[in-house]
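S.K.: Residues per chain, in single letters:
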Amino acid sequence: EPEVTQTPSHQVTQMGQEVILRCVPISNHLYFYWYRQILGQKVEFLVSFYNNEISEKSEIFDDQFSVERPDGSNFTLKIRSTKLEDSAMYFCASSEPGGPHEQYFGPGTRLTVT
Amino acid sequence: QKEVEQDPGPLSVPEGAIVSLNCTYSNSAFQYFMWYRQYSRKGPELLMYTYSSGNKEDGRFTAQVDKSSKYISLFIRDSQPSDSATYLCAMSVWSQKLVFGQGTRLTINP
Chain W
-15 EPEVTQTPSH QVTQMGQEVI LRCVPISNHL YFYWYRQILG QKVEFLVSFY NNEISEKSEI
45 FDDQFSVERP DGSNFTLKIR STKLEDSAMY FCASSEPGGP HEQYFGPGTR LTVT
Chain A
19 QKEVEQDPGP LSVPEGAIVS LNCTYSNSAF QYFMWYRQYS RKGPELLMYT YSSGNKEDGR
79 FTAQVDKSSK YISLFIRDSQ PSDSATYLCA MSVWSQKLVF GQGTRLTINP
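Just so you know, the sequences run in chain order W and A.
If you read the first sequence in my numbering, its first letter stands for residue -15, the second for the next number, and so on.
If you read the second sequence in my numbering, its first letter stands for residue 19, the second for the next number, and so on.
Treat the hints with caution; some may be incorrect.
Said to hold, decoys possible - Cut-off 30 Å, straight-line C-alpha distance, at most; resulting in silico cross-link-like pairs (DSSO-like, lysine-lysine): (1) K88(A) x K60(A); (2) K26(W) x K60(A); (3) K88(A) x K62(W); (4) K88(A) x K41(W); (5) K85(A) x K41(W); (6) K20(A) x K74(A); (7) K60(A) x K74(A).
If you're looking for bench data, these hints aren't it; they were derived computationally from the structure.
Looking at chain W on its own, in the form it has when it is part of the complex:
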């Protein structure tokens, strides 16, 4: 069964450093998303991406965040200058063209900012 994969599973970085989180969405999916989940809190939407551009973003997704689809299979989230409060699980998701609400999630990357 096709699945969304994410790397690395755990990333530790120092405050102020740049990190790139990587995702490989399901191959025939055209919508891509990033969500985050701070420990003990709700899963929160960050951004959606379609046709090589951001289609929707939340107020969390400020100028320190960016997304990119550098090739036909990868989808990345970059955090330019990490803060302590960026520590969270980051989930990538993807969905088919006809069903943006049927989103399939990856296993997540745990980001720890020290």
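On the provided structure of chain W, position chain A as indicated by the hints.
M.R.: Leaving out everything else, chain A in the frame of chain W:
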């Protein structure tokens, strides 16, 4: 008022029981309603989705949506220890952004 509210539990029931999980919401524009299951330190796994009001059944799982009451439910029949997980409701308007509930931690005791 929170956009989506879900009792975090924990909820503990014996094996074989019928489990009822619920969410309420405030945004009447929500059209799509999803239930996800999340095991510890894993990503959410899509269980079911429903468009607008009504019921949907898939094996031991039944999802119900009552838009007039802004209330959704997930029922699990013949619950198994493997059903022990956190259950998340999620909703969307006709857009890509899913709004999640807090999640209910469920334990099925053998």
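S.K.: Next, verify each hint and record whether it holds.
M.R.: Outcome of the hint check:
Annotation: proposed proximity of K88(A) to K60(A) holds, straight-line Cα distance about 29 Å (limit 30 Å). With a C-alpha separation of about 14 Å, the suggested pair K26(W) and K60(A) falls inside the 30 Å cut-off, and the hint holds. With a C-alpha separation of about 37 Å, the suggested pairing of K88(A) with K62(W) is violated against the 30 Å cut-off. Using a Cα cut-off of 30 Å, the hinted pair K88(A) and K41(W) holds, with the two alpha carbons roughly 25 Å apart.
For the hint pairing K85(A) with K41(W), the CA-to-CA distance comes to about 26 Å; that is within 30 Å, so the pair holds. The straight-line distance between the Cα atoms of K20(A) and K74(A) is roughly 26 Å, inside the 30 Å bound, and the hint therefore holds. The hinted pair formed by K60(A) and K74(A) meets the criterion: a straight-line CA distance of about 26 Å does not exceed 30 Å.
Hint check: a violation occurs at hint 3 only; the rest are consistent with the structure.
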